[in-house]
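Peer 1: The lines below spell out each chain.
Number of protein chains: 2
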Amino acid sequence: MKGTILTIGDEILIGQIVDTNSVSIARHLNAAGIVVCEKCSIGDDRRQIVQSLERTLQQSNVVIITGGLGPTKDDITKKTLAEWFGCGMRYDETVAAHVERMLASRGIAFNDLNRGQALVPECCTVLFNAHGTAPGMWFERDSKVIVSLPGVPFEMEHLMQDEVMPRLKARFDLKQIVHRTLITAGLAESMLAEAIASWEEALPPYLKLAYLPNPGAVRLRLSAYEVDGKQVAREIEERFEQLRQLIPQYVVGYETATVQEQVHRMLTERRATLAAAESCTGGTIASRFTALAGASAYFLCGVVSYSNEAKQHVLGVDAASIEHYGAVSEPVARQMAEGVRRISGADYAVATTGIAGPMGGSPEKPVGTVWFAVATPTRTVAVCKQCGTDRGQVIDRASAFAIGLLRDAIAEEK
Amino acid sequence: MKGTILTIGDEILIGQIVDTNSVSIARHLNAAGIVVCEKCSIGDDRRQIVQSLERTLQQSNVVIITGGLGPTKDDITKKTLAEWFGCGMRYDETVAAHVERMLASRGIAFNDLNRGQALVPECCTVLFNAHGTAPGMWFERDSKVIVSLPGVPFEMEHLMQDEVMPRLKARFDLKQIVHRTLITAGLAESMLAEAIASWEEALPPYLKLAYLPNPGAVRLRLSAYEVDGKQVAREIEERFEQLRQLIPQYVVGYETATVQEQVHRMLTERRATLAAAESCTGGTIASRFTALAGASAYFLCGVVSYSNEAKQHVLGVDAASIEHYGAVSEPVARQMAEGVRRISGADYAVATTGIAGPMGGSPEKPVGTVWFAVATPTRTVAVCKQCGTDRGQVIDRASAFAIGLLRDAIAEEK
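Listed in order, the protein sequences are those of chains A and B.
Per the working numbering, the first sequence runs over residues 24 to 437.
Per the working numbering, the second sequence runs over residues 24 to 437.
Worth flagging that the hints you see were computed from the coordinates, not collected in a lab.
Quick caveat: nothing in here was measured; it's all calculated off a predicted structure.
Check before you lean on any hint, since a few could be wrong.
Since copy identity is lost for identical chains, a pair holds within one copy or between any two.
[Said to hold, decoys possible] Cross-link-like lysine-lysine pairs, in silico, DSS-like; alpha carbons within 27 Å at most: (1) K253 - K102; (2) K408 - K198; (3) K231 - K25; (4) K437 - K198; (5) K437 - K102; (6) K231 - K437; (7) K388 - K167; (8) K102 - K231; (9) K408 - K25; (10) K388 - K102.
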């Protein structure tokens, strides 16, 4: 079973947006055992849509299309599909009522353009878009499936999960795809490859190995396509165990989810609570946790103490420490973590204070210098780390590092 | 002049990474007047690489390929290209010396795999990769250009900028592409389209209009391909000026301007300060401001008061109000804004309290219900708004709406 993802929109071709839709669709298809053989992005152009659809249908059983379903004239996907299928359009009363209700709740009048969103090709099955005004569409031709979804990421995501995947699973007899990733750190890619050459050579041909270098880590992914999932997952586990014995000091762990998801699970399981005091990360750590459903069970309070006064008055950081050591210092990081832990009553607290740039650096504390602290029921740890030179990079790396430090501190706590 | 971007790597097709390389390459090509007609991602597969290359060469003068140049066995792009061009490989001493020097600086031995990185197809021009070990390669055939670049974003970016773009500009006589974006806020896409219908109809045919809806904003992009850039840029400016006169209250700015950037400018100019008290937006408002360079001049403090205790003890919200009206209510939103304004000493404060979901909704206050408040030196305003049904959507929309409310309140303040 093969699939192609076709994303439509001039904004993709001119680099105005990052296409994350195809990433999410690729994950869904892979998880269900559908091998994605190509991802292709094209413009809002009738001829190109038809050509790409015809070409990709030759190589795949399923083509998932996103984009071009808005109410305005530049969006032509729906019309183009109806023409290609040679069918007329019908007015879907259910879609119309839904769009009207959605707009009414936001105080927006239902106009002709919105009415146009309820027009769908006669030959399609409507996929109900509970979260938006453009319906998804399911087509079949010559035992192949073509799905058209709106380009708004969360609408697309809900439709993939709730409508498309259940139908694909019911429609086709799907085999399984297995991907497992092991993370190594401390060996450059070429040295790692040398160190594990014999292990790599002994891999059975249906296990495909990929090296994915990252700054500071090389991930090793084993993939198997259209197999008996359970059996292959066991096989991969054994192979990874051999690898762990071969290079024990370099194996960091297995990539499953994000570190904040890992912390989220740990805190939820332990029924422990969290608070954050952020200076240079400016609310990013809090927002990464609060983006996760269920965060309110453990996330009590975050303080973005950007000014020294906020550090002192809200978190109780000692003015003399700021004066003597500077706001970006170990004592201040420690007092921030302990302060937010105290005022919130949380079990764990994480704090950051650093220089995000582009201004504010000095020879002793250049842009990118960040002090981190984690306060637990039994102790406070503090670390200093250089997190890059670009403001966005510093915020991103510092947030990730802080959450990693928090994870380690929680794991060590009995 | 047309171009295609071909990104190679199984990790893209399984959704393990987000392909940002093609975004950056698309921007470079567009800026130089090369129309990107397709972006295509395929696996590390010899047959697929050859087929896609041959196909995309038919539609474009330039094909930029990234990925598959690492030292390990899963990377096959270089070998495949050499085979396709029918040429042998040569050992490039300059590349070898550079790789050896780079590795030595990190204390890594130069092994056979690294030596392999200095092997390049005889028919290519090497593009020196100052930041990595895999060289870029420039090929020509039948007056078309094929460029192969490493997939590491940082290395690819430097090669595009320093090596590829200057050569493309020298090699081809390029026309220009103009993209200009105007940002509106406050009108839904369909209402905006209705309001500007006459303006849209009067656009000359070579100006292509696109609607790009975002939570809280709709961007309008005008694009013109292969034109006299200066003349068209002036034309677009005039068209946007007409639009500004048509809907003055809804125009936020141009290009990538966001509402937070507008508030950032307003506060910086007025030397006024800001604080935020966030419940359902969980730090997102703070992080949007603190992501901007110079935010420390006005952003004093943010409080993510997720728990009722944090609302009471940190912000001074009255326990009786929470009890009587609930945490998601007008009195609580007002007290949060006033509370964070008081403890931080800021001139302006914004507050959100709502139900992000998926749990916590009720018939009276369903998921997506958010109360907003803005406190200024002279008054506090509060508004309730329905912000959607999906957690990410609610957080995103509520953050955008809160920042818009803040902008309006600052603008009205003398």
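Peer 1: If a hint holds in the structure, say so; if it does not, say that too.
Peer 2: Hints and how they fare:
1. In this assembly of identical chains, K253 and K102 lie within 27 Å of each other by CA distance neither inside one copy nor across copies; the values are 43 Å within and 35 Å between.
2. Taking the shortest alpha-carbon separations for K408 and K198, neither the intra-copy value of 46 Å nor the inter-copy value of 46 Å comes in at or below 27 Å.
3. Taking the shortest Cα distances, K231 and K25 sit within 27 Å of each other inside one copy (17 Å), while across copies they are farther apart (35 Å).
4. Proximity of K437 and K198 under a CA criterion of 27 Å is satisfied in neither setting, with 42 Å inside one chain copy and 66 Å between copies.
5. Taking identical chains as interchangeable, the C-alpha atoms of K437 and K102 are never at most 27 Å apart, the minima being 61 Å within one chain and 51 Å between chains.
6. With identical chains, the CA atoms of K231 and K437 are never at most 27 Å apart, being 39 Å at best within one copy and 62 Å at best between copies.
7. For the homomeric pair K388 and K167, neither the shortest alpha-carbon distance inside one copy (60 Å) nor that between copies (44 Å) is at most 27 Å.
8. Proximity of K102 and K231 under a CA criterion of 27 Å is satisfied inter-copy only: 18 Å between copies versus 41 Å inside one chain copy.
9. Neither within a single protomer nor between protomers do K408 and K25 lie at most 27 Å apart by alpha-carbon distance, with minima of 45 Å and 44 Å respectively.
10. Within a single copy, K388 and K102 get their C-alpha atoms no closer than 59 Å, and across copies no closer than 39 Å, so neither meets the 27 Å cut-off.
Comparing the model with each earlier hint shows violations of hints 1, 2, 4, 5, 6, 7, 9, 10; every other hint is respected.
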